[in-house]
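Going by my numbering, 25 is the number at position 25 of the sequence shown; the sequence numbering is gapless.
A couple of the hints might just be wrong.
As the list claims (entries may be wrong) - Below are the SDA-like pairs computed for lysine to any residue, each with C-alpha atoms no more than 20 angstroms apart in a straight line:
| # | residue 1 | residue 2 |
| --- | --- | --- |
| 1 | Lys184 | Ser47 |
| 2 | Lys282 | Gly208 |
| 3 | Lys245 | Lys184 |
| 4 | Lys184 | Lys232 |
| 5 | Lys267 | Thr292 |
| 6 | Lys282 | Arg81 |
| 7 | Lys232 | Ala255 |
The hints are simulated quantities; they were obtained by calculation from the structure and are not laboratory data. All values derive from a computational prediction rather than experimental measurement.
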Amino acid sequence: MNSTKENSVEIIRTRSELQARVRAWKQAGETVGFVPTMGALHEGHLSLIEKAKEKVTRTVASIFVNPAQFAPGEDFDTYPRREAEDIAKLASVNCTAVYLPSVAEMYPEGSVTNVRVESLSDLLDGIYRPHFFYGVATVVARLFLHAQPDVAVFGEKDYQQLQVIRRMVRDLGFPIEIIGGETKRDADGLAQSSRNLYLSPEERRAAGAIFAAMHRASVRLALGALPSEALKEAEGHIVTAGFRKIDYVTLVDPATLQALPADEPMKEGAVVRLLAAAWLGKTRLIDNISVTR
């Protein structure tokens with residue numbers, strides 16, 4: 001047996017033990033919800049556990065810093081790892097179990113199989129991090145096979161990731177309901193993210209500007225402003241706040257992530273997605289909000 005108990009959260013480190021536990025739950029008529037994470041947990045992660053609990057009787061969170069989604073020179077080695085703190089936080093919301101696999105457990109020696117969700121993975125963040133969503137899809141598919149959940153919850157803060165996973169589940173026929181969890185924000189509107197830990201105090205004070213700019217743009221768009229004008233103004237506010245580089249501020253179709261025309265107002269009744277990615281110092285922040293006309 002490879003599982004242990006800590007603060008009422010069962011700690012599981014191998015695929016075989018996790019599958020045995022899930023099989024026992026399901027044989028007893030219980031349902032399983034799953035929340036995959038890379039750790040450094042915050043309130044946003046915990047809200048996903050709470051959302052899963054609304055649908056199921058057992059919840060499993062995984063913590064795995066996935067090497068396949070980091071390119072050379074990115075922050076794999078420095079990504080925050082806080083296992084003890086994370087376990088305590090999961091206990092505080094009565095998560096049933098936490099899965100803490102090793103790299104060898106996730107990617108057995110000689111492993112050569114990967115999952116590619118074409119098109120959706122190559123837009124937006126996929127332009128700037130072309131490896132990223134292929135690494136995400138591969139690890140999530142493997143985690144789904146390990147955990148075999150009935151429901152999986154992903155945060156809407158990583159909206160493109162959520163859409164990639166939804167498409168993968170649809171295309172491959174995973175018998176899993178995918179649910180999006182609302183973005184949790186700090187008081188100034190900044191979307192909660194593990195990478196916010198990288199921000200200096202001065203950068204953190206400026207970081208809320210990305211949401212403020214997006215919110216103003218969303219109001220203008222809802223009132224009929226041209227996307228080209230609203231998005232240009234948002235970019236100006238972000239730069240003025242001290243962000244050193246903008247990767248994108250764009251309005252897209254929520255399902256396909258394809259950019260919408262910049263030279264015509266939103267149609268009455270339309271619901272679209274406004275997404276942004278920008279660099280503040282050495283930290284890349286992403287965010288998105290829904291816009292309704």
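Each hint, compared with the structure:
1. Proximity of Lys184 to Ser47 is assessed by CA-CA distance (about 8 angstroms); at most 20 angstroms being required, the pair is judged to hold.
2. Taken as a hint, the Lys282 and Gly208 pair is honoured in the structure, with Cα atoms around 16 angstroms apart against an allowance of 20 angstroms.
3. For the hint linking Lys245 to Lys184, the alpha-carbon distance of about 24 angstroms lies beyond 20 angstroms, and the restraint is violated.
4. A threshold of 20 angstroms between alpha carbons decides the hint, and for Lys184 with Lys232 the separation of about 26 angstroms lies outside it, so the pair is violated.
5. As the CA atoms of Lys267 and Thr292 are separated by approximately 9 angstroms, the hinted pair is consistent with the 20 angstroms bound.
6. Distance check on the hinted pair: Lys282 and Arg81 sit about 19 angstroms apart at the alpha-carbon level, within 20 angstroms; holds.
7. For a cut-off of 20 angstroms, the pair hint linking Lys232 to Ala255 is broken: about 24 angstroms separates their Cα positions.
The structure shown violates the earlier hints numbered 3, 4 and 7.
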